[in-house]
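Engineer: Protein chains in written order, with the numbering used here: chain V, 1 to 215; chain G, 1 to 215.
If you are wondering where the hints come from, they were derived from the structure by calculation, not from laboratory data. Do not rely on the hints blindly, as some may be mistaken.
Intra- or inter-copy, both count: the list cannot distinguish identical chains.
As the list claims (entries may be wrong) - Calculated lysine-lysine pairs in the DSS-like style (CA-CA distance at most 30 Å, straight line):
1) K183 - K199
2) K10 - K87
3) K98 - K195
4) K40 - K195
5) K77 - K92
6) K195 - K70
7) K151 - K183
8) K40 - K20
9) K180 - K194
10) K183 - K70
11) K153 - K212
12) K70 - K194
13) K183 - K149
14) K92 - K2
Protein chains: 2
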Amino acid sequence: MKNYIISNSKLTEDSFETIKNFYLNDDPAHDWLHIQRLLKQGIDFGTHLGASLSILLPAILIHDIINIPKGSRLRSKASLLSANKTKELLGKTDYTDKEIESIAQVVLEHSYSANLPATSLESEILQDIDKLDAMGAIGVMRWAATSAKMKSKFYDEDNPWAEGRELNDFQFALDHFETKLLKLEGRLNTEIAKKEGQKRLQFFYEFLSQLKAEI
Amino acid sequence: MKNYIISNSKLTEDSFETIKNFYLNDDPAHDWLHIQRLLKQGIDFGTHLGASLSILLPAILIHDIINIPKGSRLRSKASLLSANKTKELLGKTDYTDKEIESIAQVVLEHSYSANLPATSLESEILQDIDKLDAMGAIGVMRWAATSAKMKSKFYDEDNPWAEGRELNDFQFALDHFETKLLKLEGRLNTEIAKKEGQKRLQFFYEFLSQLKAEI
Numbered sequence: 001m002k003n004y005i006i007s008n009s010k011l012t013e014d015s016f017e018t019i020k021n022f023y024l025n026d027d028p029a030h031d032w033l034h035i036q037r038l039l040k041q042g043i044d045f046g047t048h049l050g051a052s053l054s055i056l057l058p059a060i061l062i063h064d065i066i067n068i069p070k071g072s073r074l075r076s077k078a079s080l081l082s083a084n085k086t087k088e089l090l091g092k093t094d095y096t097d098k099e100i101e102s103i104a105q106v107v108l109e110h111s112y113s114a115n116l117p118a119t120s121l122e123s124e125i126l127q128d129i130d131k132l133d134a135m136g137a138i139g140v141m142r143w144a145a146t147s148a149k150m151k152s153k154f155y156d157e158d159n160p161w162a163e164g165r166e167l168n169d170f171q172f173a174l175d176h177f178e179t180k181l182l183k184l185e186g187r188l189n190t191e192i193a194k195k196e197g198q199k200r201l202q203f204f205y206e207f208l209s210q211l212k213a214e215i
Numbered sequence: 001m002k003n004y005i006i007s008n009s010k011l012t013e014d015s016f017e018t019i020k021n022f023y024l025n026d027d028p029a030h031d032w033l034h035i036q037r038l039l040k041q042g043i044d045f046g047t048h049l050g051a052s053l054s055i056l057l058p059a060i061l062i063h064d065i066i067n068i069p070k071g072s073r074l075r076s077k078a079s080l081l082s083a084n085k086t087k088e089l090l091g092k093t094d095y096t097d098k099e100i101e102s103i104a105q106v107v108l109e110h111s112y113s114a115n116l117p118a119t120s121l122e123s124e125i126l127q128d129i130d131k132l133d134a135m136g137a138i139g140v141m142r143w144a145a146t147s148a149k150m151k152s153k154f155y156d157e158d159n160p161w162a163e164g165r166e167l168n169d170f171q172f173a174l175d176h177f178e179t180k181l182l183k184l185e186g187r188l189n190t191e192i193a194k195k196e197g198q199k200r201l202q203f204f205y206e207f208l209s210q211l212k213a214e215i
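Extracted from the complex, chain V is given alone in its bound form:
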């Protein structure tokens, strides 16, 4: 995939490797595998929709480069910090200042919590593929792993399905389906992502239904 990305963008081997090194962390929800899945789907959707891969691909690579743990009050600033890093990361490539600005804007707009409108097709795609990666089977894996990292309980032992109580997804991981995960599909931009999103939402419901039978 590296060669494909380099030949479809103005990234150099060096800039690619520099960016990759930022993702050698142990956060299973924002690691290099996450970036790889988004690159794969970004190439697929971007090609289908006629997006500029040379803008989209570096934006995907950079979007989570500053990773702030869930629960930190700086969390909502992560996409801004990542966007600010774009100039430094692409400074030694052939990208023009204007292109770098476009890429930084795509990075900035990806944030779920910032909830900014997408101002370009490339931004619509990054928003979509980032949401899709939080859904379906991979979404369940990332959710459960993040719950372990945050040391939250899987669910409220007395009231797993939060009947008649306020949702608290920091304390109980299962509440996160209601606070965020089940809403993602309704916020997708592009038709191709919506089609995929419906499958992944369907899997969420299968997972929750199976879980209900087990606990």
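Given chain V, put chain G in place with the hints provided.
Structural biologist: This is chain G only, laid out in the frame that chain V set:
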């Protein structure tokens, strides 16, 4: 559930609370929620099969009381250490020495890695419900969370499905389905557990099939 357990065993309020306190950890795969799920299913299966709840229930409560992290060389000794703890935990109850010995034996035999044959119906049930809790939707959650705790990668980026390479479930979480999780159903003892195990195995296949479509 606490009242039901105390009235169907010789546990006292004190011994119950002492045991519960051992599970106030942040291991999402072996916490108090795990014990609660096993108690619920143990009561169900035990009643259906005519097991002695007064032996089975304390065995469930005690079975993971000494929790040794995955990867530690002492891990295979956990069930022996938990069994040894039985006398101390039940010493101030009305359990006879013979009963305590039976309970300790059920605890000892539960271990998957020790792979001991179940020498009583209660032991067959604990082996079964412990395996079932590693399967299905809850199995997926415990597996992904344990992967995060062990800081392993979800999968091998170059070869997720381990085609033509040796399995390594310490490095790649996904390999754990082949090394262990998909084999659990074939090692269940009782008919009632096998019936439930087939549903949970089916969910595993749905999960893996969905994941294959996503990565």
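Engineer: If a hint holds in the structure, say so; if it does not, say that too.
Structural biologist: Hints versus structure:
In this assembly of identical chains, K183 and K199 lie within 30 Å of each other by CA distance both inside one copy and across copies; the values are 14 Å within and 28 Å between. In this homomeric assembly, K10 and K87 come within 30 Å of each other (Cα to Cα) only inside a single copy, at 13 Å, whereas the closest approach across copies is 69 Å. With identical chains, the CA atoms of K98 and K195 are never at most 30 Å apart, being 33 Å at best within one copy and 62 Å at best between copies. In this homomeric assembly, K40 and K195 come within 30 Å of each other (Cα to Cα) only inside a single copy, at 17 Å, whereas the closest approach across copies is 39 Å.
Taking identical chains as interchangeable, the C-alpha atoms of K77 and K92 lie at most 30 Å apart only when both belong to the same chain, with a minimum of 25 Å there against 56 Å between chains. In the homo-oligomer, the alpha carbons of K195 and K70 lie at most 30 Å apart inside one protomer (29 Å), although the nearest pairing across protomers, at 40 Å, exceeds that limit. Taking the closest pair of Cα atoms, K151 and K183 come within 30 Å of each other both inside a single copy (24 Å) and across two copies (29 Å). Taking the shortest Cα distances, K40 and K20 sit within 30 Å of each other inside one copy (15 Å), while across copies they are farther apart (47 Å).
Proximity of K180 and K194 under a CA criterion of 30 Å is satisfied intra-copy only: 17 Å inside one chain copy versus 36 Å between copies. Taking the closest pair of Cα atoms, K183 and K70 come within 30 Å of each other only inside a single copy of the chain (19 Å); across copies the shortest separation is 35 Å, beyond that limit. In this assembly of identical chains, K153 and K212 lie within 30 Å of each other by CA distance both inside one copy and across copies; the values are 16 Å within and 28 Å between. When the C-alpha separation of K70 and K194 is checked against a cutoff of 30 Å, the pair qualifies only within one copy, where the shortest distance is 26 Å, while the shortest distance between copies is 40 Å.
Proximity of K183 to K149 under the C-alpha cut-off of 30 Å is found in both arrangements, the shortest distances being 23 Å within a copy and 28 Å between copies. Proximity of K92 and K2 under a CA criterion of 30 Å is satisfied intra-copy only: 18 Å inside one chain copy versus 65 Å between copies.
Violation of the numbered hints given earlier is confined to hint 3; every other hint is satisfied by the structure.
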